[in-house]
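Visitor: Here is how the chains run, residue by residue.
2 protein chains.
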Amino acid sequence: MTPTENWTIKESEFPKENYSHKETVFTIGNGYFSSRGGFEEGYPDENATTFVHGVFNDVPVYKTELVNFPTWYAICVNFEDEVFNLSSGKILAYDRDLNMANGLLTRRVTWQSPQGRQATIQFERFMNMANLHHGALRFCIDDIRFEGQVSIQAAIPGVVSNERYRHWRHINQGRYGENSSFLELETMETGIRAGISQAVHVNADNGCQCAYWDAHWMPTQTYLMDIKPGDRIEGTKHCVIYTSRDVDQPGSVALNEAVSLSDIGFDQSLQENQKVWTSLWDNSNITIEGDDCADRALRYNLFQILVAAPRHDDTISIGAKTLSGYGYRGHVFWDTEIFILPFLIFTQPKIAKNLLMYRYHTLPGARAKAKEQGFEGAMFAWESAATGEEVTPKWVTGPEGELIRVWCGDIEQHITADVVYAIKQYWQATGDDAFMKNFGAEIVFSAAQFYASRLEWQPDTESYHIRNVIGPDEYHEHVDNNAFTNLMGKWVLEFSEEVKDWLKTESSRLYTALLKKLNLNEQVLDLWPEMASKITLHVGQDGVIEQFEGYFDLAFKDQGTLEPRDQSLQSIFGVEGVQQYQFIKQPDVVMALYLLRGWFDRQQIIENMAFYTPRTDLSFGSSLGPSIQATMLARYGDVEEAKALFLSTLLTDLENNRGNTPDGIHAASAGAVWQVTVFGFAGLSLNEGKPYVHPRLPQGWERVGFKVHWKNREIPFDINQKYAL
Amino acid sequence: MTPTENWTIKESEFPKENYSHKETVFTIGNGYFSSRGGFEEGYPDENATTFVHGVFNDVPVYKTELVNFPTWYAICVNFEDEVFNLSSGKILAYDRDLNMANGLLTRRVTWQSPQGRQATIQFERFMNMANLHHGALRFCIDDIRFEGQVSIQAAIPGVVSNERYRHWRHINQGRYGENSSFLELETMETGIRAGISQAVHVNADNGCQCAYWDAHWMPTQTYLMDIKPGDRIEGTKHCVIYTSRDVDQPGSVALNEAVSLSDIGFDQSLQENQKVWTSLWDNSNITIEGDDCADRALRYNLFQILVAAPRHDDTISIGAKTLSGYGYRGHVFWDTEIFILPFLIFTQPKIAKNLLMYRYHTLPGARAKAKEQGFEGAMFAWESAATGEEVTPKWVTGPEGELIRVWCGDIEQHITADVVYAIKQYWQATGDDAFMKNFGAEIVFSAAQFYASRLEWQPDTESYHIRNVIGPDEYHEHVDNNAFTNLMGKWVLEFSEEVKDWLKTESSRLYTALLKKLNLNEQVLDLWPEMASKITLHVGQDGVIEQFEGYFDLAFKDQGTLEPRDQSLQSIFGVEGVQQYQFIKQPDVVMALYLLRGWFDRQQIIENMAFYTPRTDLSFGSSLGPSIQATMLARYGDVEEAKALFLSTLLTDLENNRGNTPDGIHAASAGAVWQVTVFGFAGLSLNEGKPYVHPRLPQGWERVGFKVHWKNREIPFDINQKYAL
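Protein sequences, first through last, are from chains A and B.
Taken in order, the first sequence gives residues 1 to 725; the numbers are from our numbering.
Taken in order, the second sequence gives residues 1 to 725; the numbers are from our numbering.
Next up, chain A with everything else stripped away, as it sits in the complex:
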């Protein structure tokens, strides 16, 4: 395998059977907008989407969702009266490549129409990292084996919905000259206007006739040409999207920019795009020599985070399915802070800051949620979107049409600590004291305020309890004293002391102002570390932490007796049934041990892993589980076992291991594989004031190379087997 091949995702057959899986796999984007890997000619049952960060609209049940935009890359090619479409005729050759080095998606297909007209068509498209509003398409028809008329229609296809639900109203449309047009739409409830424009150019050997159809909702540029065997047709479609989140007049701004971009041309835009990609990869790339599959698949996972990561806007974040599908409707979970952010903190700290600022901007929503539930401070939404208001659906429909109550929005309360954890990590890695002073400290104190108000004093045991929560293991609902939640709450209260002491020293003016703003006083802050020390945690005699009160009393069952299976343990036993067992959806105690690894000794970690691993539904539980499990195994367990789990995690989306890749990229997993490599196999540690590594590389891995950002420097690591322990 050549190095280039490790930078490419290939497809050599038209995916008739697994179309929607491949649509997700070939998602591209530039951090402003992103499109699934649909085909330019469109198919009736496709699930083509283009999402623009921050463009949400109201929807039943799920409250708010990212809005699907018109498919900017759509183009219709006709050989006489036959429409180019791979579901009819014969496919004589087919290749699709995603170039991860520059985000260029190329398809080359030789097709014979049902009536025998043959040609080769190549489509190339990318979403420009150097101009966030720009999507460029180039097509070329050659090796033409017939004589006749070819017509091409390039539309801005306004007929678009989220699956079946429409979000847009029509505002305006029009054209500029012969070759450019725009469509302006507005989301029905949130009133966000969007301008989508195109500038189209087609060149054929014998010239071509162009016309504009001002069809309502569907401005269309059309091109008509007579061709003969051996002729060649080339064309470009430059599209631009602006919304009223960006500018006042998105329609005309988009139209003007499309015209000027088409003057600049496809190749030059691609070069500029390539430059940005090169600089992104310079910091973010990981090389695994000796394991091409891992090397390429790991790069693919990081690629999918980079195409979704907002470099331009600090009021948005990355959803649980990036911008690549309808799963979770674009909502943001702890997946971002705990699973994705470490990758960005240590390789793209500016993007990481944007994501943390998103949480800062959503503090009003978090405060409202705390108040509504009778608590103080800020309680971040379990599912968060444009405003930080809680947008977890209360009810979802089960497979039999029954209604299932979703409790996470009410009682999955570790999310607030997770946000603080990411802030600490960012601060530690970057030393960005300005962020901490102006924004971070406010989040930390507001979170501590929340947890302090959330604790319930138990006089008989003289300890604090947190009752009625859901931990990371969502198989068990309404549990008391979930170890993860208690430990993370404790950690927040302790960390608040560190922030307090630092801020007071750094700027007593800011400190005083912040306390005033939050209606706090120093006496209250001083109570927090003491409260932290009295939060209950039940540890068994063997050092195993009990996941929640009563967990040890539940039934144990050997997962092996249920193999082979293709569904989660919750699906097998039911929402109620699974609660009777010790089965867990993902690491929960082990997750706490991972995040707070400085608090526990190696022996205790190993004992807890030995206890919880056989109880964890790693194959069909949460997709968040395997990466954490693999990281811990690489550090404390069998490194070959870690490698096997790592490899299957890397292929989650490329091979649709969990069957739900059609809903979008598993963003947490895609981000967390960076942690498996860097915190797991390389054993990166930060506790002594600077990063150093304790590698444990599996067999066959000759070299692992990556860079880590540390206080405004990029520190390269180059680990080989010899160096590894």
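Please note: incorrect hints may appear among the correct ones.
Identical copies go unnamed one by one, so any copy, or any two together, can satisfy a pair.
[To be verified] Derived SDA-like pairs: lysine to any residue, alpha-carbon spacing no greater than 20 Å straight-line:
(1) K394 x V247
(2) K394 x W502
(3) K707 x G637
(4) K371 x G574
(5) K707 x G54
(6) K63 x V396
(7) K16 x R169
Calculated from the structure, these hints are not laboratory results.
Please read all numbers here as calculations on a predicted model, not as lab measurements.
Fit chain B to the supplied structure of chain A, relying on the hints for placement.
Guide: Below, chain B alone, put in the same frame as chain A:
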């Protein structure tokens, strides 16, 4: 007021404020399809719908719904670059008329564009009663006061959804010659294909240039012409809709027919349409001389039933909102049999038969429902659509987003008796023994089978009970021995004996075959009348029938103390709260007295009305209530009070009295006003083998004229004050 005016519904101002109300009011149709009164030029927040009978598709919550078709009458007119649209520029004159004599909807508007271009545009459209697939539009632009270019686009606008939800996938589109095109779509779940075609012709004084835009989802004929002051532009758009319920190739059939209809022309089609309307009105019209308001409004109500009444198909029925809006999603309730059918039975018996045959065709669904609930025979769906399967939503979302369980689909069980009641009435009026033999008897026996299995024997009282139902008064759920349900069940069991005796005599072969088919034997049938006689009914000492067990013990509250109000008593007290009171949503005991009036003496009826009237939420309860109340008042109460209630009922939709006319015509109310007039004021009675009248006309009504179908004859009645008692 001239006689013509009593055949016209007028609007003299562009309805900016009550757009969606007027959309419902100006609904037209021809029994095959129907369109709300949207405007040809379209408005962003319009709720334009075109529904075709029987074309349902799956939808969340409501299970199935009528599918909105492309707006066939859409047309876009541009004066230079200014789009004709009444929300900009100046409206110098405006008139819209609905001619109830022939279903022609005409609008004439003089408009000055924002840049000062002025002209008068007239639109006329109708849906052809003589060719059910045909919708015709004619437009004329004259009194032109500017010079320049006019362009007109006539599209088949495939961008259509049910409110926000999309039902269609694109199948095909194309054109024929310069002026005609078609679009073929398919419903996503039910797979019904629809072909929608147009043939467009535009004539201008200086000729015009036409072109076809084959825009995806939006085939568009375009016309471009240069005009000067004094010029005149005329055009027609003939549209045709076929579905795969009608023909195999709906697209091409529709295209061919549009072409030939445009050859026939607008005027000739209108004449043919007029002929059918004349014959419909010949039997269905009612004249009220001396009260123009009542005369016109009554005609409007009957008009709305006639445009929705299927003359061509016996597998469909009329939904609770006809084909005029999204309310109740096109589902069919008891509204059809009890409120609408008497009008059709006595004036359009062939249509009445189609509607009863619809119930026959849905027997499999009714049998499945009975079986599923553990009963025998046939239990008709409370809400019924294409198949007769129960399609009442189980849950709906309340105003605060809370989920409300809807129990009607489970336990509102009088519907089956209501169907039988309509069969009896149809049979009695028409003497259609063939229907009764081949279809009616099967429904009657299947219904009796159901009620017999539904009865619960109570040994201590030696009587049958029906527990846990909802009666017509839906304010009270889960009641025992609802008088209406018990009486109607009793009536079915008794009527089954009459049918048995008749069928045995008429054709013992058919009788035996039917018993075999239904797995019945004569011993079982013989038990039914005996069971009927033992069904419990609680009557108070004063002759007042208790609506259900325990009703008399509920709290009484004077409705007057709650006035003025603009919402139902259920909205005021809540779903749970209202159950604690004697308030009722609509006549329940009085409804039984109305339907089974032969069973009760005048005094008992009067006493029950005196008791229940003050307890009935006539203003904001069910829209089904006032017409029954008015009928009973006209017969047994104060005829002037009856008139007042009748008049407000007639204006339910014309004046949007209940605030929900935007959801569609109140079909039950629209049909039942015929009963108020004929059974109420005219006092039509059928009990002595032929119809005769006992009129009680209110003051000012000089003459009431109508015809009643009786055993293949149309009997005219001409009642004047002198004749009335």
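Visitor: The structure should be examined with respect to each hint, and the outcome stated for every one.
Guide: Against the structure, the hints:
no.	hint	result
1	K394 x V247	neither (35 Å within a copy, 45 Å between copies)
2	K394 x W502	neither (41 Å within a copy, 58 Å between copies)
3	K707 x G637	neither (25 Å within a copy, 92 Å between copies)
4	K371 x G574	neither (34 Å within a copy, 28 Å between copies)
5	K707 x G54	neither (30 Å within a copy, 65 Å between copies)
6	K63 x V396	both (12 Å within a copy, 16 Å between copies)
7	K16 x R169	between (33 Å within a copy, 18 Å between copies)
The earlier numbered hints that this structure contradicts are 1, 2, 3, 4, 5.
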